[in-house]
Each structure stands twice: as structure tokens, then as C-alpha cells.
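Protein chains in written order, with UniProt numbering: chain G, 1 to 298; chain Y, 1 to 330; chain E, 1 to 314.
No lab work stands behind these hints: they were computed from the structure.
Glycine included, every Cβ here is placed at the ideal spot set by N, Cα and C.
Please note that the accuracy of each hint is not assured.
Computed from the model, here is a short list of chain G residues facing chain E with C-beta under 10 Å [said to hold, decoys possible]: (1) F82; (2) F99; (3) D134; (4) L143; (5) G177; (6) Y187; (7) A190; (8) A191; (9) A194; (10) G195; (11) G197; (12) T198; (13) I250; (14) V258; (15) S264; (16) L276.
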Amino acid sequence: MTEFSQALRVDLTEDREETRRFLVLRRFFRSPTFVAGFAIVVMLVLLGTGGVWLSPYEATGMDLRNRLSPPTAQNWFGTDNFGRDVFTRVAAGSQLSMFVGLMVVAINAVAGAAIGALAGYLRQLDNLLMRVMDAFMAFPAMLLAIAITAALGPSLFNVVVALAVAYVPKTARIVRGTALIVREQQYVEAAQVAGAGTMRILRVHVLPNCLSSLVVQLTFVFASAVLAEATLSYLGVGLPPPAPTWGNGISDGREYIVEAWWISLFPGLAITFAVLGFNFLGDGLRDVLDPHLPGESE
Amino acid sequence: MSSPLLSVEGLRVAARTRRRENLLIEDVSFDVREGEFLGIVGESGSGKSMTALSIMGLLPGPVVQATAGRVLLQGRDVLKMPDGDLRRLRGGAIGMIFQDPMTSLNPVQTIGRQIVEVVRLHEEISRPAAWERAVELLREVNIPAPEERAQAYPHQLSGGMRQRVMIAMAIACRPRLLIADEPTTALDVTIQAQILELLDRLRRERGMAVVLITHDLGVVSEYADRVLVMYSGRVVETAPVADLFAAPSHPYTRGLLNSVPPLSEEVEELRAIEGQPPTPGAWPAGCRFRPRCDESRPACARWDVRLVSVDPGHSAACLLLDDKENAHAP
Amino acid sequence: MTSYIARRLLAAVPVLLLVSLLAFLLMQIVPGDPAHAMAGSDASVEEINELRRGLGLDRPWHLRLAEWYLALLQGDLGHSYTLRADVTDLIFERIPITLSIAIYSMLIAVPFSIVLGVLAARFRGSALDLGIMGAALLGVSVPNFWIGIMAILFFSVQLGWLPAGGYVPPSESVIGWLQSMTMPALVLGTMQMGLLTRITRSEMLEMMHKDFVRTARAKGASELRVMMAHALRNAIIPIVTVIGLLFGMIVTGAVVVEQVFSVPGLGRLIVQAILTRDYPLIQGTLLFVASAFVFVNLIVDLSYAFFDPRIRQN
Chain G
1 MTEFSQALRV DLTEDREETR RFLVLRRFFR SPTFVAGFAI VVMLVLLGTG
51 GVWLSPYEAT GMDLRNRLSP PTAQNWFGTD NFGRDVFTRV AAGSQLSMFV
101 GLMVVAINAV AGAAIGALAG YLRQLDNLLM RVMDAFMAFP AMLLAIAITA
151 ALGPSLFNVV VALAVAYVPK TARIVRGTAL IVREQQYVEA AQVAGAGTMR
201 ILRVHVLPNC LSSLVVQLTF VFASAVLAEA TLSYLGVGLP PPAPTWGNGI
251 SDGREYIVEA WWISLFPGLA ITFAVLGFNF LGDGLRDVLD PHLPGESE
Chain Y
1 MSSPLLSVEG LRVAARTRRR ENLLIEDVSF DVREGEFLGI VGESGSGKSM
51 TALSIMGLLP GPVVQATAGR VLLQGRDVLK MPDGDLRRLR GGAIGMIFQD
101 PMTSLNPVQT IGRQIVEVVR LHEEISRPAA WERAVELLRE VNIPAPEERA
151 QAYPHQLSGG MRQRVMIAMA IACRPRLLIA DEPTTALDVT IQAQILELLD
201 RLRRERGMAV VLITHDLGVV SEYADRVLVM YSGRVVETAP VADLFAAPSH
251 PYTRGLLNSV PPLSEEVEEL RAIEGQPPTP GAWPAGCRFR PRCDESRPAC
301 ARWDVRLVSV DPGHSAACLL LDDKENAHAP
Chain E
1 MTSYIARRLL AAVPVLLLVS LLAFLLMQIV PGDPAHAMAG SDASVEEINE
51 LRRGLGLDRP WHLRLAEWYL ALLQGDLGHS YTLRADVTDL IFERIPITLS
101 IAIYSMLIAV PFSIVLGVLA ARFRGSALDL GIMGAALLGV SVPNFWIGIM
151 AILFFSVQLG WLPAGGYVPP SESVIGWLQS MTMPALVLGT MQMGLLTRIT
201 RSEMLEMMHK DFVRTARAKG ASELRVMMAH ALRNAIIPIV TVIGLLFGMI
251 VTGAVVVEQV FSVPGLGRLI VQAILTRDYP LIQGTLLFVA SAFVFVNLIV
301 DLSYAFFDPR IRQN
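With the rest of the complex left out, here is chain G:
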């Protein structure tokens, strides 16, 4: 194949890609689950930025004269046992949760895609890589994260590392599954015959085809990461107090549950809301990108 015709072909596919991308975007916003998830995520970002900015309180600012105050006009979600404003802490917690989620997703995207694509495309690496992933997956993901933070010590960085290690194997497995199918396709064979290098084939053919299943998986990883981060905090191996994580908030309120239910209630609602949002988003994305049940939403 001449350079020219190859360039032409790439050009044509890119053009089609663009129209396709636009159509997909419109299809997303026709899916009610996607719209619900998108709306929730936007609200969370607004809460994390706007909420903290609007609030006259500091997330860690104590006011011992105003301890355990029920929700009032001044303290919308009440105050905790140190007199800290629960609303401000929930809003600040949203920032932390989103940050942890984003970091874990970013690491998953890079490491999961790389391991999965390599294992799926290069048969000689497949067995080794996947047995190692199997071993990691033999530990329940959350428990693996707990163990790693327990060993490394509780900190923001270690939480991100632990959750990334916990979820990468599953992501890699999903990417590998798609890569296995792609490598049998004729255009990949054609590219091999044309002398394209392994890295080029991975970049141009394998990875783009894994993208939709990867995106769906990453959305669910985000949801799991938010839930897991909260659980780590609750168990005392996440971000150490006084960090305003949602899990810490629930943990703080555990002792005061009888006289000050609001300390635990609001962070819990926030977690549920956030995880629900990302699950909605993932469901919506899957319906559109991977329509394996025809007419699911019709």
C-alpha cells in the first residue's frame, strides 16, 4: 500500500469518526440514566466548589460553644462534636472524594489499558500477566485496598495507590477481552502484513477499539473508588482525621448517633448520591456504547 492511499484512508476514517462522535454524544443525552448521572455529577462538582466557597465556615474550623447543634439556618446540616459545620465538611468531602476517584480512574486508565492491551495482543505475555492479575483478583478488591493502606500507613497518596492496585486487575481483564477479539480482525492482520510495528498496532487499532468498554468500566471504578475511600476512612485506614472525608464524618457521628443523627446522616446521603450518580452514568454509557440488549431503553 502506498503512503498516499494509507494517508487517505486514515483521513477518511477520522472524518467518519468525527460525525460518529457527534451522533454518540446526542445519543448519550437521549438516555435518561445517562442524563440523571450527568446531572448528579454536575451537582457534586458544584457542591465541592460552590459549597465550600459559599460557606462562611472552615471544614476543620472548630467552635466548641456550638457543639452538636441540630440543623439550623446558620448550620444547614448541623454541627458535629467539635462544633464543625457538617455542610461545609460534606462539601469539602466532595472535593476529596472526586479527587481520589479521578486519580484512581486515571491510574486505571493508563495501567489497566496498558496491561490489558499487551496481554490481549501479545500471546507470550498473556499467561504471565493474567495469572498475576488473577492472584490480585483473588483478594476481594476492598480487602486488598485495606491491606495495602494498612501496610503503607493512612494518607491520601496511599489511599489512591491502594485503590488503584485494587481495581487495575479488573480493568486490565476487560481491556484484554476486547483486545483478544480485535487482534483476530482482518484489518489488524492487514496492518501486520503491511509491516506496522506492535506499538503502532496497539495504539492505532487495539486501544481505540477497547475504548468504549474501558470508559464504561472506568465509570464504575469511579463509583467503587468513592465507596471504598469512604469505607477506608470509616475503618480508620483512610485519610486520617481531621480530613473532612465522608467516611470520617460517618465515623465521627457513630458515637453520637442517638443525640446527633445529622453528623452521620448527611455524609452518608452524599456518598449514596455520588455513587448512584456514577452508577447511573455507567449504566447510561453502557446502554449507548454497548447495546447488547436491543431496545433496552425504548
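Using the hints provided, position chains Y and E relative to the given structure of chain G.
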């Protein structure tokens, strides 16, 4: 003449989505007499399978529904039957077999058990007696060693054997009518002939009527008494099989015949009909075959054509047959 | 069939070897001196040195690795310094409690979610479907430790129906035992129910498009029979897979739920081990859980043969 076993009158089936209604079949009428072998011929999308499913009351509702017409079986309208009566009918008075015997049998039950199920759904009979019956039926459809085969799972049988099992299941309760929806499409050519022979033998022995749905005119010519040709959701020609092959009256039928290699005569010229059949919902105005028809005239686009009698028992829907009488305002 | 079992068993061996290696490596990634971290800041130099010797940290890592595998072969998971007991003994002491909560929760979750999933699939697109699916998504989204605390607030504090926590052994009082287990089991069941209901619905929807389901209708079977004997009977194979996968969720859930309700099970033991930095106990319990997970997956694989004749006869 006694009243027919099955009488379809002005049947119309539509797929309804939120925004629009897509017609799948329109104004389909035909009769099936006791013991008759009727062939329904058409390309995919012609509505032949929808017609079959309507007779069974098995249209994939709530999206696809019969919106007009009647399907009278022994005088009762299937379309208006309560669920309980309809269930007694299915597998009882009407048996049905489908295109793909690989996927049409439940993979996790033995074939004996699947036949027993249909027997026990329709008759008060003990499990062992029903099992006896299943073995008997397997023998009747020429399955060797039926006692052992009854214990087998579908994946242990060949495609032809599975279709025989489907037939055994369909005839288990002595139906008056057997509908076979492309029963041989998924099978090897040699097996096809065996299955069709079997259907024909069972029809003669049991005196049941058979409606065979197929896209293969060759198959029809050999077994059917009468043929119904469908195109784009309508009946375009119906005739006794000999008449149809001797004097095809609709250009579409002629086109179909030209594309089938004749069994006896020398092949002069084999010609496929050019173009593709229109998709349901995108039907052209007037005669739906017009865009592919060699003989079309401007008037074909303007007039809706109805079946007109050519000979006794033979009618076709083409403007060329009689412009004055056939032409109705659309 | 025998070769199928043998193949599955063989495939589990390298995974188990790697799993135990990972558990071993856990102590190696502890920054600084694990003995120091375990002993705490107010420990004397002698105490730390003694602990270091006890953990074998004074010897090179490859010797310790060999010893670790040698001990594992004898069923020895090490010794807990904080609880002054063998890890194996501690695990087997706690396992019946966790197991009974797990089984209790599955007895609630599995039948309920299959019924709900089938109903949602049958009445797909209806308000019932929407409600069930909304509840199921909520079930997988809500943090179980928070649900636990809210359940305590509602059922124990407000209504006074169930104890807020603690554990009553069945030998002491069967009623008390059931009461103490009910809330933990319900909380543990919420996430399982959410997941399983969603899976059941989507598998049922897929089955309902299959040709053999149409055949069943053509045979005159009632809608209930079509759904149960044909669609669900075939959907059960993927559903069983998910029930196997629930194991991970149940163990993780047990860690949290036992903490919330102060139930002295395996999960509580793990949390205790982590909070007191009892590394041998962490390693041992994790290895135990992972091996159990591998074992459960093995059973799930074997159960396919029970549900699917196509595998049985291969």
C-alpha cells in the same frame, strides 16, 4: 364444499413505536383446507413469517400487533381469543416448527422431557405415559433408537435430528394444522429433502394441513398443493401449484421462476430479479414491486392493485391483467 | 467430567502460589521497620529487638520466604503478637460467626433478588420495573456501614426492636442469636440484592429473546411456565456465577458490618489486626480469605456442570 380449516381475512399487522406505525403486512387473505399443503413464498421482509406468527397468536407484542382482519381457525377468531384458549390452541390444534432447530430447543432439558411437556400441557396424562408417547413420536419421525435418544440433550443431536425432534413436539397432540417456518433453511441440502418428505408423509398419514413458509420455489413445486406468493407485506399471487408454474401471472412470480433452475428442462437463461425488496415502512406508492418490475408503466405508481381472478382458484395483483377492473383509487 | 474437575483444580495451584506470595510481600512493603511500627512508639529497644527476632526480620528475605511456604504447607499461618495465639486458631474460632451471617444474608438476598429480577424483566418498562431497578441501583450505591448505623438508629434506638450490636452465641439463646444476627444480615444483604436483581433482570431479558422461549410459547405453555421453566432455568447459569462473585462482596461487607454491629467475626478480626498493626495476623487472615475465594470460584465452575448439560458432557 365444507368450510376451510383456517381462514385469514384482511389481516394487517403493524409495528408500533412511540412516534409511528410501520405496516408489516396488509390485507392478507387466504384459506387452508383440511389436509391441504399450502406453500407461502416470499423474500425476507415480505411478511410471510409475520403471517405465520399471527396464526399462532405469537406476534411479538406489545410492539407488533394485528391491527385489522380476522384469523379464523375452525370458525373461531384467533386474534380475539382469550389467553387460556389461545394456549390450548398452540401445540394443540396448531403445531409449529421454526427455522433454526439449533436454538429452538431448550439446551438444558432432555428432548424427551421437552416432548413430555407439550403432551402434559394439553392432555391429562401421567408422566410415564407421556414419556412412552414421546418415544413413540420420536420413532414416528424416524429417529433411530428413540428410547435412548429421548434421554439426550439437544447439543448431542445433529441439526436434522433436532428438526425431527421439533416436528415430533409439534405433532404430539395431533394438530389439525402444522406451520413450518423455513424449517430447512438452516440444514444441509440432503437433510432438507428428508425433512420435507417427513412433513409430507405425516400430512398424509395424519390428515393434517401443512403451511410451509419458504423462500424456495423449488421446494414448493414438489410438495405444495397451492402456493401463496407474498411481496412487501401483500399477497401478489395465489394459485394451485401446477397453474402457478404453468402460467405465472404476476411479474414478480415470473421473476422468481426465472431465478430458479428448473428440474427437468434445459436451462436457457437464469436471471435474478434486480434490486432489493423495499424495507417495511419504506414501501413505494402504488404497486410495491414497481421499482423492480420490467413491465411497469406510469399508472402502476398511481393505482393500488388488488387480487383479481385469472382462472378459477388462481388470482394475481397486477395492473397489467386488467387496467379497468383492477384499478382502484388509492 | 473428572478431567474437567482435575483441570480446574490444577489451574488453581499457580493462583494460590501467587496469592501467598502477595500476602508475604505485604510485610515487605511496610515503610521502615515493621517491628518498630508494631511495637508502638513507647516500646523499649529490647522489646523491638525481640519482636524483630520473632518475626524473623533479622534474617534475609529469601530464608523467610522459604519458611513462609514451608509453614503454609503445614497449615501454619503464623502467630499473632497482639492476641498471643496462632492465626489459624483465631480464624477457625471466628469463622462460624461470619459464615452464619453470610449464609443468613444470602438466604434473604438470593430468593428476593431472583423474584424481583424476574418481575422486572417480565414487566419491563413498567412502573414496577422502574421501581425495582431504582431500588436495586440504590442497593449497590449505598455504603453498608452507613446503612448499618441508620438501621441501628431506626430499629434499635427509635423502635427498640433489635439489639444495636453484640453477639449472642446460639448455645446461650437461639432467639437472641437470631436477633443479634438479623440486622447485620439484612445490611450485608442490601448490596447483594442490588447486584443480583440487576443481573437476574438483564439475563432474563436476554433469555426471553431466545428461540427456545418462543418454542415454549408455541407449545402452549403459560407465561409463568415459560418464564420459570425455560427462561429462568437457562438464566440460572450466569446468575450462579454472580452468586460466586458475591463472595468477595460478602467478605468485604462482613469486615464493615461486623465493625458496625460489634460482632466478633472474621471481619472484626481483620480490622483489629490492621488497627493494631499485627502484620502476621493481617497476612494470615488475608491469605485465608483469598484462598477461600479461589475455592468458591472453583465450586462455582463445578456447579456449571450441574446446571448445564453442555458442560457436563464435555
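Those earlier numbered hints the structure runs against, lowest number first
1, 2, 5, 6, 7, 8, 9, 10, 11 and 12
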